[in-house]
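From first to last, the protein sequence lines are chains L and U. Numbering of the first sequence is given in my numbering, commencing with residue 306 and proceeding in unit increments. Numbering of the second sequence is given in my numbering, commencing with residue 306 and proceeding in unit increments.
What the hints contain is simulated information worked out from the structure, not anything from laboratory work. Computed from a predicted model, the values in this text were never measured in an experiment. Even for Gly, the Cβ is constructed at its ideal location relative to N, Cα and C. Wrong hints could be hidden among the right ones.
Stated by the list, open to error - Examples of chain U residues toward chain L, derived with CB under 7 Å:
1) V430
2) L432
3) G433
4) R460
5) G465
6) R473
7) M486
8) V492
9) T499
10) V500
2 protein chains.
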Amino acid sequence: MPATILDGRTLAAELRDEVAARGARLRGRGIAPRLVVTIVGEDAASVAYVRSIERAGAKVGVDVTVDALPADADEGSVRARLQALGGDDTVHGVILQQPLPAHLGIRRIAEAMPPHKDVDGANPVNLGRLAFASGTEFVPATPAAVLLLLERSRRRDLRGVRCCMVGRSNVVGLPVSLLLMARDATVTVTHKETVDLARHTRDAEVLIVATGVPGLIRAEMVAPGATVIDVGTTFVDGALVGDVAYDEVAAVAGEITPVPGGVGPVTNVALLRNVVLAAERIHAVPSP
Amino acid sequence: MPATILDGRTLAAELRDEVAARGARLRGRGIAPRLVVTIVGEDAASVAYVRSIERAGAKVGVDVTVDALPADADEGSVRARLQALGGDDTVHGVILQQPLPAHLGIRRIAEAMPPHKDVDGANPVNLGRLAFASGTEFVPATPAAVLLLLERSRRRDLRGVRCCMVGRSNVVGLPVSLLLMARDATVTVTHKETVDLARHTRDAEVLIVATGVPGLIRAEMVAPGATVIDVGTTFVDGALVGDVAYDEVAAVAGEITPVPGGVGPVTNVALLRNVVLAAERIHAVPSP
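The following block holds chain L by itself, in its conformation from the complex:
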């Protein structure tokens, strides 16, 4: 029996309706939710990403503005810019496009991100709060998308469920692992230094993969009936490819997200939902 597809586009459409309703409610009170994307230097991939966010924002009533700093901006000026955005009442969400130019260190800059507008979780204080499971300002967009998809899966109750996270990045693997632990899952975090990766992936009831290695996960590495979430997106010969060898794994797994059409579409809406949430908080409008 082939795996059930966990369809990100359908889920994204539902979330978009919710976010658009909240955006309209804010606009009815004279508040235009606004996301500022700070970019240091020019970068074709960044520009394309921002365009896609702008289009998605237009559908749900979130304005998206690019704040471009020169490629040779120094640490102090990037920090000052982020702090200024923190104090600007017309701005509700701020993201800092990465990667930064090589001369800039992310750490000290990230700590200047205003936490109450940090809709994609750049400031470590937000990962700290997330780690403490004591409520974070915002769950970053990609980890939020993973959890939203799991909530629609057979594994919506994660208590005691064996989860294997492949990848431990600050933007996906680590926060997803922490969120799974907070939901009482038993979590194994694997990565490129793991010896015998299959030993761990095969033991998982829920397998989440975020490595950027196309086709890393093969059928024999997956337990029959497992729920598989593929966060990877790499362009290979012009096509978007996940970290999971989809066709063969779909023959073994119980549920699986496709690439494209899985985590990606949900991520974009999750980001905009955080912007609307930030605007509601800043203007003291109760969230639904």
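For this one, chain L is given, so just place chain U on it according to the hints.
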């Protein structure tokens, strides 16, 4: 062959010599390293703990002062007190004794802890930095002690090593797990909702236990030759007992920490070492 004992008292004595030398160097420059322990209300266990820290501090040249707030202190006054300590140049380390009285929430209070004096990692920003593996101000004392003991073990190189953490508390399980990941271990985090705990513990090359359940880990739950670190300390019939059934597990494990005499003695010195480190930073004295 019985397990090798990972002797915390010997390691603590070595660390104490190092910390005392650094303390003496600071005093030679007219700087008296000082730790302030903020306590809200009276509590016999807290008072005993502070006395033990005072004695340990006296041996290495760290002054320990108790800052007692009334039991009915409100959130604002505790926060204000922590902030004031942050601005006091004669204070280098601050810890907030827990548990707090029931009317106080730890989260908002912890965020008022000055990060540069947060020697036991109460402020989530420090756990966030630790999670980011990008350098934290201080590794909290108990997780630091676990890592110091592992550095003296056969498993000093943790790359690719299968580690199982039993317990996911904010003070031990979570930060230890993050530190192990940062050292390239493959980490499984288990806890009271884990189904079939032995399945995970038996698979571990390094097993770290911090649950407060005396004798939870039995011989049949441990892989032959594994390195076992027992963080648990519970008084049972007047004796200090760990989370590991010591006698039977010592017959199976390759290395094991005793209770008492394992993690505990190293923890106290690790805390004082953080105070000295904070004083070195605040007064711009290079650390050795």
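How the hints compare with the structure:
Checking V430/U against chain L: minimum C-beta separation of about 4 Å stays under 7 Å; hint holds. With 7 Å as the threshold, the beta carbon of L432/U comes within range of chain L, its nearest partner Cβ sitting at about 4 Å, so the hint holds. For G433/U, the shortest C-beta to C-beta distance to chain L is roughly 3 Å, which falls under 7 Å, so the interface hint holds. Proximity of R460/U to chain L is violated relative to the hint, the smallest CB-CB distance being about 13 Å (cut-off 7 Å).
About 4 Å separates the beta-carbon of G465/U from the nearest beta-carbon of chain L, less than 7 Å, and the hint is met. Because the closest C-beta pair between R473/U and chain L is about 6 Å apart, less than 7 Å, the hint holds. Here the hint on M486/U is kept, as its CB sits about 6 Å from the closest CB of chain L, short of 7 Å. For V492/U, the shortest C-beta to C-beta distance to chain L is roughly 5 Å, which falls under 7 Å, so the interface hint holds.
The beta carbon of T499/U comes within 4 Å of a beta carbon in chain L, closer than 7 Å, and the hint placing it at the interface holds. A hinted interface residue such as V500/U counts as satisfied when its beta carbon comes closer than 7 Å to some beta carbon of chain L; here the least separation is about 4 Å, so the hint holds.
In summary, the structure is inconsistent with hint 4 from the numbered list given earlier, while agreeing with all the others.
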